[in-house]
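Number of protein chains: 2
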Amino acid sequence: MVKQERALRTREALIKSAATVFDRDGFSVASLTAISSLAGVSNGALHFHFANKAHLADSVEEAAAERLEGIVTAHEGTVGNALQLLVDTSHDLARGLTEDVVLRAGFELSRDQVRERSRDLHHQWHQWVEGALKRADGAGVLSEVTPEEVASSVVAATTGFEVLGMQDPKWLSHRTITRFWQLLLPRLAAASVLGDLVAAGSRPQ
Amino acid sequence: MVKQERALRTREALIKSAATVFDRDGFSVASLTAISSLAGVSNGALHFHFANKAHLADSVEEAAAERLEGIVTAHEGTVGNALQLLVDTSHDLARGLTEDVVLRAGFELSRDQVRERSRDLHHQWHQWVEGALKRADGAGVLSEVTPEEVASSVVAATTGFEVLGMQDPKWLSHRTITRFWQLLLPRLAAASVLGDLVAAGSRPQ
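Listed in order, the protein sequences are those of chains C and G.
Residue 143 in UniProt numbering is what sits at position 143 of the first sequence, and the numbering runs on without skipping anything.
Residue 121 in UniProt numbering is what sits at position 121 of the second sequence, and the numbering runs on without skipping anything.
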């Protein structure tokens, strides 16, 4: 049991180190030696857990997909208005991309044109955004816009914030995301609920 | 003179081949042999024009920056309303990113975290978008929104369309860009001009 726990911890440390090195150097340039040394384990230990670099990248993406799932499900039951939930969740995602290297590296790997992708985090996010907008539509809190059309623009913008944020963190700041929703909400929300929506997010940041 | 012309043509062929290989394989993986062979020249001829891969990438970015400049200046004098000019130009950029591998590779190189960047095409685009919105504001065709705030959301969305379009061209389609403007224009435009604006672009596609 102790041995299993240790193995699990080593695996997690390797995934975090791999994410850090992928984020810094890119998948193609990242070296396994840099990853194992950052995790404080031998190359042999790395190869015990991961057959090769592609396997490590798949595991980073998988861990990132779980974190994304955690972000989108965290407040599903507690925020009544589906539009407000979308706003809040986009703030959580932006903060996650800033603070969590595994989440960030997962999104980067997801758009690496060289790798054969096992997952697509942008697609996972797109599915959730479209679902939230459909619920908003069903609840009558959407204006005359259609969920599918709004979803593609919202996903494009958040992808842009993510990509531009890699070079300049202000693109993922609370202020930038708030301004985006200040711009969009008056167009998206039914007049009856617009006054209740908080572009800066309904929870304390 | 004939010799100079031939040298210029070889240089241009190498830039296009480099763009094609960077676009397909990524900067880190791209091989100089693949680039020279695609251009139909020897490795020696490649090295006569470009000292190394980084120099080739800088030249692709420079060529892309010129093309972007061509796109944003093409209709500056002919489209009266600065908001319509922004809409039209974003359609031209999306078409350029779909059809012109040099422009596309230039944008990709511009967001490669590994390279030391000589230029930043996203910044160049951001500057132009903000300028167009300021002119729209000066001309009284903007609603109560501020140019800087709108610019960051527009640049984020177009960057998202560009990035997602690498994997699925429908993100850069005329329909997708039109829907984006159909969503945004009613929020951006002063009521007096909204009816005149064409989200699909004012010129035949």
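You may find that some hints are simply not true.
A pair holds if it fits inside one copy or across any two, identical chains being indistinguishable in the list.
[Claimed, not checked] Lysine to aspartate or glutamate pairs mimicking DMTMM-like chemistry, simulated, CA-CA at most 20 angstroms apart: (1) Lys170 to Asp120; (2) Lys3 to Asp25; (3) Lys53 to Asp25; (4) Lys16 to Glu69; (5) Lys3 to Glu116; (6) Lys170 to Glu149; (7) Lys170 to Glu130; (8) Lys170 to Asp112; (9) Lys170 to Glu62; (10) Lys134 to Glu76.
These are computed hints drawn from the structure, not numbers from a lab.
Going down the list of hints, with the structure as the test:
1. Lys170 to Asp120: between (25 angstroms within a copy, 16 angstroms between copies)
2. Lys3 to Asp25: Neither: 32 angstroms inside a chain and 41 angstroms across chains, both beyond 20 angstroms.
3. Lys53 to Asp25: both (13 angstroms within a copy, 17 angstroms between copies)
4. Lys16 to Glu69: Classified as within; 18 angstroms inside a copy, 41 angstroms across copies.
5. Lys3 to Glu116: Classified as neither: same-chain Cα gap 33 angstroms, cross-chain 44 angstroms, threshold 20 angstroms.
6. Lys170 to Glu149: between (27 angstroms within a copy, 13 angstroms between copies)
7. Lys170 to Glu130: between (26 angstroms within a copy, 17 angstroms between copies)
8. Lys170 to Asp112: between (23 angstroms within a copy, 18 angstroms between copies)
9. Lys170 to Glu62: neither (27 angstroms within a copy, 26 angstroms between copies)
10. Lys134 to Glu76: within (14 angstroms within a copy, 40 angstroms between copies)
The structure fails to meet hints 2, 5 and 9 from the earlier list, while all remaining hints are met.
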